[in-house]
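Residue strings, one per chain:
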Amino acid sequence: MESSASVLCKSSVSVQCIRKANMKKSLLFPDFTVTRDPDKCIQCEVCVRQCAFDAHSFDKEANKIETDNSKCVSCLRCATMCPTGAITVSEHQQNIKKNKNWTEKQLKELYKQSETGGILLTGMGTDKDYKIIWDHILLDAAQVTNPSIDPLREPMELRTYLGAKPDRIEFRVQSSEFRGQNKKLRTTNYELQTKLPPQLKLETPILFSAMSYGAISLNTMRALARAADECGIFYNTGEGGLPKELYKYGKNTIVQVASGRFGVDSDYLDVAAAVEIKVGQGAKPGIGGHLPGEKVTEEISQTRMIPTGTDALSPAPHHDIYSIEDLSQLIYSIKEATGYKKPLSVKVAAVHNIAAIASGIVRAGADIVAIDGLRGGTGAAPTRIRDNVGIPIELAISAVDSRLREEGIRNRASIIAAGGFRNSADVVKAIALGADAVYIGTAALVAMGCHLCQKCYTGKCNWGIATQDPYLVKRLNPEIAARRLVNLIKAWSHEIKEIMGGMGINAVESLRGNRLRLRGFDLHENELKILDIKPAGESM
Amino acid sequence: MGCSIAGIIDEKGNRFSGEKIICAIKKMYLRANGLGGGFAGYGIYPENSDDFCFHIIYNDEKSRENTESYLKHDFEIVKEEPIPTRTVKAIVNRPLLFRYFLRVKDEIKKQFYEMTEEDIVMRSVMKINGAQAGAFVISSGKNMGIFKGVGYAADIGKFYKLEEYSGYCWIAHDRFPTNTPGWWGGAHPFGLLNFSIVHNGEISSYGINKRYLEEFGYRLTLHTDSEAILYLFDLLLRKHKLPMSLAHKVLCPPLWSEIEKMPEDERKFYETLRIIYGSALINGPSAIIVSDGKMMFGFTDRLKLRPLVAARNGSKFYLASEECAIQEICPLKKGDVFFPKVGEPAIGKLRNTEQTRNKGTRNGHGKFRFSSV
Amino acid sequence: MKKIYFNEEYCMACRLCEIACLVAHSKSKKIIKAYKEEFPSLTPRLIIEQKGPLSFAIQCRHCKDAPCVEACVTGAMKRGKKTGAVSHDREKCVGCWMCIMSCPFGVILMDTKEKKVATKCDLCEDVREPACVDACPNEALVYKEVKGSEKK
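Residue numbers (my numbering), protein chains in the order written: chain D, 1 to 540; chain H, 1 to 373; chain V, 1 to 152.
These are calculated hints, taken from the structure and not from any lab test. Quick caveat: nothing in here was measured; it's all calculated off a predicted structure. One thing to keep in mind: the hints can contain errors.
Covered stretches of chain H (in silico footprint by chain D; criterion: 3 or more residues with CB under 8 Å from a CB of chain D, positions within the stretch not fixed) [to be verified]: (1) 240-249; (2) 276-283; (3) 300-309; (4) 338-345.
All residues carry an ideal CB built from backbone N, CA and C; glycine is no exception.
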């Protein structure tokens, strides 16, 4: 979530900023053009006040609002807030000679690096044009031989339990006979012997992904916590610790223990419903984090338990985990510390050897394996890492689920899939491939107002989400944001029920790992093999 | 698929001719399309009641030779013979039909000391059905047998001369297949060891039920969903030692909203059961009759999307897709017939099976234990 | 009575409330027309206080013991019997501005159009929700009944 060690530019990567660096003349040109309809603009200056990147300004002498295109990041805050709809932001049309290889994007990145000498930094999940496998997987529906179920009339169950499950139930039977009025009656008593390992109970198979305090504002966290509470699901603190005021949402909180160990103490572990060891994240597998000192405000310093104004550095690896047995030690240390009362999750990025890694994690004692795919989001990551490292979550889910089943240990841990879930159909497909639940991060942020401008790392989020600026954090009213999140979860849940009903399934257990209800369309043979699904047109 | 199912059990253990069940299933011929029918009868081989009886269908002599040499490796063949049939015009393209009465060889028992006799039999069945092309074991229990093929059930019954057998429990199925082409092995009932099942329905959860079973070493070779139910029962009853009533609650668990309303202990039990066995839940429209020779157990899916009628008359207990099937073979009075509710099984069981209880299943000698909740 | 309350925690000083107020009290009620044709003569009936990141919008509090009603010499400023809201009658107003002098919140303003009269929040009579509340994108303004608030 934090900016990485070599920071290109602490503020926006704009022409202005680069000019300040060490070049007189930048070769960059703006990404966007802001158009103002003079017939509609009433010069109310709402846009001027809303832009934290100072793209708009009011020229008193000319009595006119001016716009500096080079500063615009296309967050669309001004366009959304403009009371007359006078503002349009569009792609900047500069006639760079068309070249499939040396695209405008490539050129701009070269200019930027030649002007700053730094690593390119970005936010959110990769925007690169990789094939989205979700869009090549089709769902089944019941016709004639099997009635579809109307979720408005019939029960439709989405409840999901995350955690290790035993292989089988154990109980003791006691039969007793007694005389009733006319005949002998026999009653049999089943005494449950199985003690279930701790479980997380979800009313719908969706959780809010890890986003840390520091990367996101307190108001954003408040919204996530409230929404999780209302929906009967969970949110995740990320690695930035848990502000004391959110302790009351503990039963809906998954706390993270990451390589920086920020904010980890016994209270933090005790208050949570589950603990997650973060090994990696999909947007930047193998990369640590760096929250610049100026972002470490009083509140963040309290929460992260580090001095105010000091840089918060998350090492790339956990320096006490150099191998799988070390992970096992940390897992059991935390389990000991929490009295074996909470499920323990391990989050990893989906990398090439993910099936074996996941198997190792399960055998190391984790109750939940969270896998973050290629498209996973971030507050800050080196662009090259974000755009080129990892594998798509679709393939990772399938590989891991198959592997765990082959080894007969699938019941020993639940799988949470993460990384770019865009809608309820993606969720249904992930569950059918074998995930128990999904983490949503970007979708939740978008629900709260994010417009994916990918400038989280600047700390100037105009939507009040990824910022600590006192002027900006106020923009996100947690009550409104929580309502929007609840609506989103409700809407997706309704849709999942609708899809399941169409398939003739009335409990999510029967969808989970049910790959027979998926078909691949326009997928390569190898992809079908790894996904373990049939091509469209092939029947049972 | 849409089909008809029927079953009769005499709770006193009196044996009766297979003719009755043929009449019952014949009455519902509109529910079938002639692409498969079959019967399971219990108590039909009293002379060899301690031997495993394999009914095997072969495509050709070559596969018979292969399979028999395989059988001879693991088993002592007490008796082997072609299954008697008669000529019925409608029954065409008959495979070779043989039955064998088998005992597991002592040396094999010693070799697989960690396995029960039943496990060894199951392993052989899985092996033949999975690997031996052209051979298929359709039943493998004791003192029971499955008779099935492609055709209307009534014709199949006639073909196998079922009126000449007498048993105390019969279940039957007439098929209207949609998902799988009609072939002899794919007809119902499906059987493994003493267990047999007939199923009218389609399992929307088959994909996960199959994968779940594969984790426990089952091989689902028939590409038909009904097979999964059979193995789920085998897993739950034989391997996990659940009583029938609880196995039923695994396959068709109460809704979470119902579980929440239960008293504390019961709630915890059902919650645990459902959490552990989520992948064994069978979803989709179904009416199912299963039998293990001790009882006949009928139930429907959680929404009761397929029909099931039950009736009790004298010592006999009947189950069928339609009431007419029961009326056909037994004059019923008002009050004899009842309609099992959603989530409630209809059970007919042999009385005086008490003596089998103490033998239990703990030592794994294959006596199923059934007790009521 | 229902009043407008502000929540400074979520006020971001976007001033959309002010714009909505102006439009609601314009002749045309159309935002572009009002601004382009009537603007200099329009007066907002609320004020926005701002210091650093702290900001909020405030309009007539409709005080129980309203000094402006006391101070008004013509009876233009009066309390509605039914609603309890303090209202201002432009016809009766002579523009002495004693009300402006006496208002402890400074939320009575000079009408920029007809300089002689005062103007203040009228809670947008006849609408379900005042325009400023409706326009606030962050729910920093809320229109609600607060029990016990009358006693203060």
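Each hint, compared with the structure:
1. Check on the segment 240-249 of chain H: 4 of its residues sit with their Cβ under 8 Å from a Cβ of chain D, so the three-residue criterion for coverage holds.
2. For the segment 276-283 of chain H, the stated coverage by chain D holds: 7 residues have a C-beta nearer than 8 Å to a C-beta of that chain, and at least 3 were required.
3. With a threshold of 8 Å between beta carbons, the proposed coverage of the segment 300-309 of chain H by chain D holds, since 3 of its residues qualify and at least three are required.
4. Under the rule that three or more residues need a Cβ within less than 8 Å of chain D, the assignment of the segment 338-345 of chain H is violated, with 0 such residues.
This entry does not satisfy hint 4, going by the numbered hints stated previously; all others are met.
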